[in-house]
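Each chain, written out:
There are 2 protein chains.
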Amino acid sequence: MAYTTNDLAALHQYYKQQLLESTIPFWFPRSFDTAHGGFLLMRDADGSLIDDDKAVWIQGRATWMLSTLYNTVEPRQEWLDGAKLGYDFLNKHCFDTDGQMFFHVTRSGEPLRKRRYFFSETFYVIAAAAYAKASGDETAADNARRVFGRCLEYASGERKLTPKFTGTRPSRGIGVPMIMMNTAQQLRETIGDPRCDDCITQWIVDIEQYFVKDDIRCVMEQVAPDGSIIDHIDGRTLNPGHAIEGAWFILHEAKYRNNDPHLIALGCKMLDYMWERGWDKVYGGILYFRDVYNKPVQEYWQDMKFWWPQNETIIATLLAYQMTGNEKYAQWHQQIHEYAYSHFRDALHGEWFGYLHRDGRVAQTAKGNLYKGPFHLPRQEWYCMQLLKCYAQ
Amino acid sequence: MAYTTNDLAALHQYYKQQLLESTIPFWFPRSFDTAHGGFLLMRDADGSLIDDDKAVWIQGRATWMLSTLYNTVEPRQEWLDGAKLGYDFLNKHCFDTDGQMFFHVTRSGEPLRKRRYFFSETFYVIAAAAYAKASGDETAADNARRVFGRCLEYASGERKLTPKFTGTRPSRGIGVPMIMMNTAQQLRETIGDPRCDDCITQWIVDIEQYFVKDDIRCVMEQVAPDGSIIDHIDGRTLNPGHAIEGAWFILHEAKYRNNDPHLIALGCKMLDYMWERGWDKVYGGILYFRDVYNKPVQEYWQDMKFWWPQNETIIATLLAYQMTGNEKYAQWHQQIHEYAYSHFRDALHGEWFGYLHRDGRVAQTAKGNLYKGPFHLPRQEWYCMQLLKCYAQ
Chain P
1 MAYTTNDLAA LHQYYKQQLL ESTIPFWFPR SFDTAHGGFL LMRDADGSLI
51 DDDKAVWIQG RATWMLSTLY NTVEPRQEWL DGAKLGYDFL NKHCFDTDGQ
101 MFFHVTRSGE PLRKRRYFFS ETFYVIAAAA YAKASGDETA ADNARRVFGR
151 CLEYASGERK LTPKFTGTRP SRGIGVPMIM MNTAQQLRET IGDPRCDDCI
201 TQWIVDIEQY FVKDDIRCVM EQVAPDGSII DHIDGRTLNP GHAIEGAWFI
251 LHEAKYRNND PHLIALGCKM LDYMWERGWD KVYGGILYFR DVYNKPVQEY
301 WQDMKFWWPQ NETIIATLLA YQMTGNEKYA QWHQQIHEYA YSHFRDALHG
351 EWFGYLHRDG RVAQTAKGNL YKGPFHLPRQ EWYCMQLLKC YAQ
Chain S
1001 MAYTTNDLAA LHQYYKQQLL ESTIPFWFPR SFDTAHGGFL LMRDADGSLI
1051 DDDKAVWIQG RATWMLSTLY NTVEPRQEWL DGAKLGYDFL NKHCFDTDGQ
1101 MFFHVTRSGE PLRKRRYFFS ETFYVIAAAA YAKASGDETA ADNARRVFGR
1151 CLEYASGERK LTPKFTGTRP SRGIGVPMIM MNTAQQLRET IGDPRCDDCI
1201 TQWIVDIEQY FVKDDIRCVM EQVAPDGSII DHIDGRTLNP GHAIEGAWFI
1251 LHEAKYRNND PHLIALGCKM LDYMWERGWD KVYGGILYFR DVYNKPVQEY
1301 WQDMKFWWPQ NETIIATLLA YQMTGNEKYA QWHQQIHEYA YSHFRDALHG
1351 EWFGYLHRDG RVAQTAKGNL YKGPFHLPRQ EWYCMQLLKC YAQ
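Quick note, the sequences are listed as chains P and S, same order. Reminder that position 17 of the first sequence reads as 17 in the numbering used here, one-by-one numbering, no gaps. Every number in the numbering used here is 1000 more than the matching position in the second sequence, counting from 1.
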């Protein structure tokens, strides 16, 4: 089955309409915190506030999303003003005196928790970069580049974070090269940075060399420093949605590099391997965790369906289809799109539920909390809408 | 509905038979690690090993269980030898040079992870105390008392642990007074310690004063230092199985204190409140987390059925029934017993599954991992068997 240009035009229209009439209006303007700055994003299904705390990741991601809509969809003043609320709040309240960022702060910006990794910082970089582009604020651009430099030091190990584990069983995770690749891509595509291309090349080499296992058709989530599989519960745990997100970051890079055939092949095989392992043949949708050898997974929510692995798979399959014309990807895209929009979407109040049981029943109704906010779903709808722009009628 | 003496005799027989013919034989002797000491407890449904790492909590708990069986059921040499394997491993490999214990070590005892609380230490205390009684080893008794002293310093705040949160929103959890109460009870009932009675009195005062809310019929899991409810997602999260475990620790204390009527009333109302909030009226069993105001719970496994809340509720309802004669508790005991043994028990290989979906389907098959091992189920079967000893025929 291939998609016709009519199908693709209809998909474009659907993503655009969902993004602009359901997803974004669920969050904004009501989440703008004009009293304290930033956003009030922890909301139940109907939009009522369940907590006025602020998750630093999500403050950054929402700032990125609003700025990106302003930069690429249309220059709505409300989006730029909202992005400024988020950007200012991040600067004013989310950095500790040692330069490391917090993870969780109160409504007024008092710190509650700092974590032992640097993803608050990577989301700050994309927020500041996209906001700099939207606003023309040169300080924001400088801040994005400066904090990106700090992330590079964390990623290389040159700057140390407090370790969570001893040195007994060293490992490397796919998270750092993946998220850094996307951070660099965003930085490059908004305000530009000469460091990005070479770094991205190296992170892709790392992913291919250490995490992609052709012999067992698998993308590992963490491995030993030499890439070998750590045959313990944590080391065996796969995160198909995460690996598929990595796959589309690589396909995105392939496109940027004039459809680099090696990168297309790499991204597609990562998608293939993890669709095979993650797609639920019984109920549909992408499962959260799997064990590389099909042993029991320790994380309790392993067979639930979360919103974001579906979003990442919708992007990856559509991008793979567009770049290869392989009908398999159109078929997969149709499957995941239909599963996700029929099970996660809240037609009554807009946006998606975040957490379903394996069989598709809603497990809990929050639209936003410490981990969920206006990011994976609107990013997917925005990204796919951009991909399909040429089919717009 | 009351239980007849015949019913109680049958229950005694059932718990004894399950403990000695299904639960304990699932774990031992096969889990004794005669090569490296300690126990190999991370096992799939059929007993096959899924990981040879060692969880320090569970090494301590298994040592306590084996010693306790030796002390109270029969002096089997295998149990004492097994307890020595565990006790020696804990001493040799599970303490860091700063005196704090690890959380997770390799098979040979190399440290993998240390955590920012002191529950490895509390389980060491009960292990060493019960082992000291079983073996007559005076050094073990000294070690139990010494590490208990250290736990008292952690609990009072006199000895500091690295904090996980900033000081912005201080809170107190029910976990520390609860687990310390049980630790002190075990210490007192094996080798004795003059510090225990006063401490237990104070922890019960703390629980009653800060966590038990009569106006809303609820036992909170954490509160502000003055006992007020912290109206944020984490502060609202209830753990009914945990509070019910606390209820039976208090009923146990009431019994020790000549059926102290105030403690009986306190334990019973804690059980009443959290049965009302935790019992699943649709499928049966105790749910994992609830929100005090019925808002969405953030923890993903909130509506799953884990093994241990059922074990704690089986003990609490039986003990409440025995101490009050209130038929309601016999009714509840029958409900939870029937639910749990019909859904969790693995009749084929012995022991229980640990993790069910809300509707009772097995979510994953591990019998042992970093968090589950020979503790809650065998403790429940042992405790109930002891409670019902007088009915043995």
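Hints are computed from structural coordinates only; laboratory data are not their basis. Keep in mind it's a predicted model, so treat the numbers as computed, not measured. Check each hint, because a few of them may be wrong.
Here are the simulated DSSO-like pairs of lysine-lysine, each with C-alpha atoms no more than 30 Å apart in a straight line [stated by the list, open to error]:
| id | chain 1 | residue 1 | chain 2 | residue 2 |
| --- | --- | --- | --- | --- |
| 1 | S | LYS1295 | P | LYS213 |
| 2 | S | LYS1160 | S | LYS1114 |
| 3 | S | LYS1114 | P | LYS160 |
| 4 | P | LYS114 | S | LYS1295 |
| 5 | S | LYS1164 | P | LYS164 |
| 6 | P | LYS114 | S | LYS1160 |
| 7 | S | LYS1092 | P | LYS114 |
| 8 | P | LYS160 | S | LYS1295 |
| 9 | S | LYS1114 | P | LYS164 |
| 10 | P | LYS114 | S | LYS1114 |
| 11 | S | LYS1269 | P | LYS164 |
| 12 | S | LYS1114 | S | LYS1092 |
| 13 | S | LYS1164 | P | LYS92 |
| 14 | S | LYS1328 | P | LYS164 |
| 15 | S | LYS1114 | P | LYS295 |
Structure-based check of all given hints:
no.	hint	in the structure
1	S:LYS1295 with P:LYS213	43 Å, violated
2	S:LYS1160 with S:LYS1114	15 Å, holds
3	S:LYS1114 with P:LYS160	18 Å, holds
4	P:LYS114 with S:LYS1295	26 Å, holds
5	S:LYS1164 with P:LYS164	12 Å, holds
6	P:LYS114 with S:LYS1160	18 Å, holds
7	S:LYS1092 with P:LYS114	33 Å, violated
8	P:LYS160 with S:LYS1295	39 Å, violated
9	S:LYS1114 with P:LYS164	8 Å, holds
10	P:LYS114 with S:LYS1114	18 Å, holds
11	S:LYS1269 with P:LYS164	40 Å, violated
12	S:LYS1114 with S:LYS1092	16 Å, holds
13	S:LYS1164 with P:LYS92	23 Å, holds
14	S:LYS1328 with P:LYS164	47 Å, violated
15	S:LYS1114 with P:LYS295	26 Å, holds
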